[in-house]
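There are 4 protein chains.
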Amino acid sequence: MPGNSFGQIFRITSWGESHGGGVGVVIDGCPPRIALSPQDIQPDLDRRRPGQSSIVTPRKEADACQILSGVFRGKTLGTPILIWVPNTDARPDAYREMETMYRPSHADFTYQAKYGIRNWEGGGRSSARETIARVAAAAVAKRVLGHLAPGLEVIAWVGQVHRIAVDVDPLKVTPPQVERTPVRCPDPKAANRMIRLIESARADGDSLGGIVECVIRGAPAGLGEPVFDRFEADLAKAMLSLPATKGFEIGSGFEGTRMRGSEHNDPFVMRAGKVHTASNRSGGTQGGITNGEPVLFRIAFKPTATIAKPQKTVTTRGHAAILRARGRHDPCVLPRAVPIVEAMTWLVLIDHWLRQRAQCGSRPRRTRSSR
Amino acid sequence: MPGNSFGQIFRITSWGESHGGGVGVVIDGCPPRIALSPQDIQPDLDRRRPGQSSIVTPRKEADACQILSGVFRGKTLGTPILIWVPNTDARPDAYREMETMYRPSHADFTYQAKYGIRNWEGGGRSSARETIARVAAAAVAKRVLGHLAPGLEVIAWVGQVHRIAVDVDPLKVTPPQVERTPVRCPDPKAANRMIRLIESARADGDSLGGIVECVIRGAPAGLGEPVFDRFEADLAKAMLSLPATKGFEIGSGFEGTRMRGSEHNDPFVMRAGKVHTASNRSGGTQGGITNGEPVLFRIAFKPTATIAKPQKTVTTRGHAAILRARGRHDPCVLPRAVPIVEAMTWLVLIDHWLRQRAQCGSRPRRTRSSR
Amino acid sequence: MPGNSFGQIFRITSWGESHGGGVGVVIDGCPPRIALSPQDIQPDLDRRRPGQSSIVTPRKEADACQILSGVFRGKTLGTPILIWVPNTDARPDAYREMETMYRPSHADFTYQAKYGIRNWEGGGRSSARETIARVAAAAVAKRVLGHLAPGLEVIAWVGQVHRIAVDVDPLKVTPPQVERTPVRCPDPKAANRMIRLIESARADGDSLGGIVECVIRGAPAGLGEPVFDRFEADLAKAMLSLPATKGFEIGSGFEGTRMRGSEHNDPFVMRAGKVHTASNRSGGTQGGITNGEPVLFRIAFKPTATIAKPQKTVTTRGHAAILRARGRHDPCVLPRAVPIVEAMTWLVLIDHWLRQRAQCGSRPRRTRSSR
Amino acid sequence: MPGNSFGQIFRITSWGESHGGGVGVVIDGCPPRIALSPQDIQPDLDRRRPGQSSIVTPRKEADACQILSGVFRGKTLGTPILIWVPNTDARPDAYREMETMYRPSHADFTYQAKYGIRNWEGGGRSSARETIARVAAAAVAKRVLGHLAPGLEVIAWVGQVHRIAVDVDPLKVTPPQVERTPVRCPDPKAANRMIRLIESARADGDSLGGIVECVIRGAPAGLGEPVFDRFEADLAKAMLSLPATKGFEIGSGFEGTRMRGSEHNDPFVMRAGKVHTASNRSGGTQGGITNGEPVLFRIAFKPTATIAKPQKTVTTRGHAAILRARGRHDPCVLPRAVPIVEAMTWLVLIDHWLRQRAQCGSRPRRTRSSR
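Protein chains in written order, with our numbering: chain V, 6 to 376; chain H, 6 to 376; chain G, 6 to 376; chain D, 6 to 376.
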């Protein structure tokens, strides 16, 4: 299968370039009779939209979505849902130099190497604008799971920008805490420092990276398809499929490699007649299957590749050159990455939830007795 | 699709439990007319086999493979290749307690929660023994790529055990350096310290985790299928599909989040008439597509869940209990994880190589001119 | 995978309903650098368009296509191609009765039974209007194969309407002969009789069925993926996925069941240094793989389910009722089925051509020596 | 995906050649906790086994199956089930001439053209022996559906041999009627004539073709995934993927093309509070989805390609030659095709049943009220 589809049963196909007719998604396999309208999708698109604040790209896009199929009188039909977001503020001229130069740490060269052609207007397909498709599809997934798995929550936040890290309790963090600041960090003090650092990076014509943390709360036990489609394997793939990501870890992650088994294992305990673990270094999955505890993971984002400082590169003809990027960009992608990380998480959740229903039938239970 | 297949064109399906008829794999889509015999596969199986040294599980398995189909007179037919490794040293009795108890940080409970049944003899499907299927399939992939992409190399090694880390030059490490010690760490000094630490952990009835590092050298530019099947996304999935893995990072990884764009970007330079990058913080991929530089990544493995120390857990009936594990296990999975990490890497490589040939036709080139 | 995608490598996803935003298709996996514009697609859409003549539905749709992604400066990028055809002449009111009644031999009841909801305006997803997606995607496939497999031809025609059958030489029939009459039958005498019969059926408020015949000329040997994705198996699926189809046969088909092996077998002969068959009762495939001879097959289409005559049916509430269909429809779908049959054939061809290249590499040859 | 897998959720991968280690299948996605043992599979394998009577091939194979994985203490685990049937009566020498000659209307030449290599011992992968994999997998599917869809029946029979046709009531035919004679034709008179004709064809060193008819009774409404994976489309593919098949028709089939819409449409009627059709020319599906009526279809099988009479052909070096086939074969494949047609039907049913459960959740109902 080509690479622009994700999911086995709730299957999305992403399409579109940053400059051209727009970007969008087709969702095939959506359960029928779920209430859905553009108004259910727009709020999530607005969260990832550029131009929300002083610390993100000023590109002005309404990112208004249209539903062209799959919905009838406000309800899903079970047929493919086509969601389209036209491009409105495209400025190809701002990218003219990209026609003849490869931007360092961008995909210009690799797309050229792979396809022998590329849309050099704003990064084309490799633009973060493509993530609109994921956010739109996830908004639908969230609606569906609201019916199928009530109580399921996905919350992501900025856990680190450059060297500024926060330490929050993933079991307690709330969406309002995340949305309180434009940097989407639930710790107000750290948030302010991050904002100042991002503004100074922009002033320097430079950029910053960081870490997004995410928690799934209320996930049923039993999600995940060993041996290859383990829940964490599909999460890792989902996250590494996002632009600018360099790493993924779940539960104890890389830190856990420095522990001993006797420290790391999560003892089982009974709580309210259910099997639970006393600790959660596993991060909510064991053997590739969710165990009913919160699923905790972190994603590393590199500093934005587009910077205003002049950079050494080569032309498409193979001559040394100096690139002075124009165009608009984020000095730090982290704040806008938060809704995108949540989106990919919802897409992993709905597909595994439906796969579990397909093979094992029993509607996966949020909590289960031990046997 | 169910979860026991990997790859789109060179597609493998893994089957088997640790106790029962054995484990094996079916490879569908293998190119025809490639010389293949069990002798081509056995050496790789021997590298992952238990009982190789004092620091791994003493379970004695010949792990001798048989090819039941897809090969005729020593050559692949292009039809499905069935490889089978019977179980010979199964000792179900050694696992009796698993029938009634959930081992902490193992998959006993989650398999029960998902399927409502489990093979409690030695972990059944969740046993690391399943990785035989991956190693066997990868041995075939390696043979095929030996013809299609000569010069392609995949080398993994133990980069860290507990707190003992090594710093090797991934561009220079060689297989003999890795195989020199049973711990598969190319730095002799660190290797000895690791071995002593592993032996002491075993003496304590405890276990250790660590990090495996891997490099792909000689990969052509152009491998990877944006936007979801990015090369690093499929690598991440492949690695997180391995037992005991908790994290994946490529190139600068989590460390790179603390850099500025101006420090992190890899400038393009011309070398011998080809486009290269002066640094390689990208880790060999940009925009999800290989750029012809070495692909560098690291995988976090948790400490082995099976330990000899008594542990608190619950029974399948929901009563608190103390588990005293018997059975055989590795105090540290890292040495045996090395060939398995290499195996998954070969499987990602061959599938993406064939996918590139399918869509873009041109046999992907190892190095390429700028246009 | 849900049911709205077709193809493994050149993968299309069809979307849209007969009433609503329109219908369209996403093509993923299209080879890059192929010249493509809406003008390359429109002629094929015009061939299937309603309102072309007195013997088809008068529904007036421009069926003008737009390409929203995947093409840059007139060439394919290798990224997903989104093609959209808006609905312009939708008249939901003409279908009011469908809200409360199930039309006999239509999909109203089965969609309701499957999804618990349906778009009752004009048949929604089950409308033949959906085939626009297939024709548009096939127009792209045809362009691609024009580069990859020059000399490849696909020609379909109406071989029978009701009891009027023609006997043409599939090796000689030409597109102009097919297009000469609105009924798309290359035999002028039969064509005139068919037209008169169709007009009388319309006058009676009744409808007619028939058979479309199709030939692939210039296909290379080696296409087809045993054992399940045999070339003829995928052709059969492609054709039975079209509305109103009731049967498929290849080569000698059902007639061949009355022959003996000694009469039916196709002896091999050498011609111009190539292996050929003296006869072609196999219909161009043996063992599920093309043998280089013309591929010949026939598809049965039932009489249009929508007729003007009053019919007995039941309401959605389960009461007996009489349906008097309004809305617009074809008294005979055969003429418009011709381009649709060709479209599905092109989609099967390109996918198998690319699959063969993926696994076996050698660009499939149009004719080959015996070894 | 390569071509040796079938099904999306209940996914089988067939492997093996007629000469070599044996043939078998891996089933991935089988629901857990279903009672299963080799004894549940063997009876179906025995029905397709060679050497059952005087009218089929004398090849003597026990076709005894082994289950190597996926079953624990007599129940399915939900993990991959590997079923293996070793080859025991292989006689490669009997096929020596196939090394240098292409058998007319066999797959020798096309496999050579596709892969550039072939197992010429007994047809290798293209042998009907491969269908063992399908029958074994279907025996498991039948067990599973026995739990999920009680009352579901699949019955096939020989409806025609050469020019001898029968006319039975598909709603009444029973398995004992089918098994009463070795030719598997439920009409005793026709059966005797068929047997005599087959014996005379064998005496002539010739072979015969015919038609297998099949009915699905008790299928729920709602199975089928428009627009491409329509129920009849997947049935057609399943049947055309069988060796020696040349055609498929459902309901009125090719005969229905000679009717008018007013004759062909199936009026809806209420019966016992359920929506039914007064006639069933649709053959149990409308718009690609089952409507709850019996599903009726017919498959054309060509006369066996292997005949004892001398035949003209060419050698692999391109020289004219005369083939005198030795080896063992069926003068008429129809009797043994019956269980294979049933097997493919079960495989289509279980996959669509599980797909419906995945997307629409509600356990598909055997009969349903109108709304």
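Simulated from the structure, these hints should not be mistaken for laboratory data. Only a predicted model underlies this, so the values are computations on that prediction, with no experimental measurement involved. Don't take each hint at face value.
All copies of an identical chain are treated as equivalent in the list; a pair is satisfied when it fits inside any one copy or across any two copies.
As the list claims (entries may be wrong) - List time: in silico DSSO-like cross-link candidates among lysine-lysine, alpha-carbon distance up to 27 Å: (1) K65 x K314; (2) K317 x K65; (3) K317 x K279; (4) K279 x K65; (5) K80 x K177; (6) K65 x K194; (7) K80 x K279; (8) K314 x K194.
Against the structure, the hints come out as follows:
{"no.": "1", "hint": "K65 x K314", "result": "within (23 Å within a copy, 57 Å between copies)"}
{"no.": "2", "hint": "K317 x K65", "result": "neither (29 Å within a copy, 57 Å between copies)"}
{"no.": "3", "hint": "K317 x K279", "result": "between (60 Å within a copy, 16 Å between copies)"}
{"no.": "4", "hint": "K279 x K65", "result": "neither (50 Å within a copy, 38 Å between copies)"}
{"no.": "5", "hint": "K80 x K177", "result": "neither (34 Å within a copy, 42 Å between copies)"}
{"no.": "6", "hint": "K65 x K194", "result": "neither (29 Å within a copy, 57 Å between copies)"}
{"no.": "7", "hint": "K80 x K279", "result": "between (37 Å within a copy, 26 Å between copies)"}
{"no.": "8", "hint": "K314 x K194", "result": "neither (30 Å within a copy, 43 Å between copies)"}
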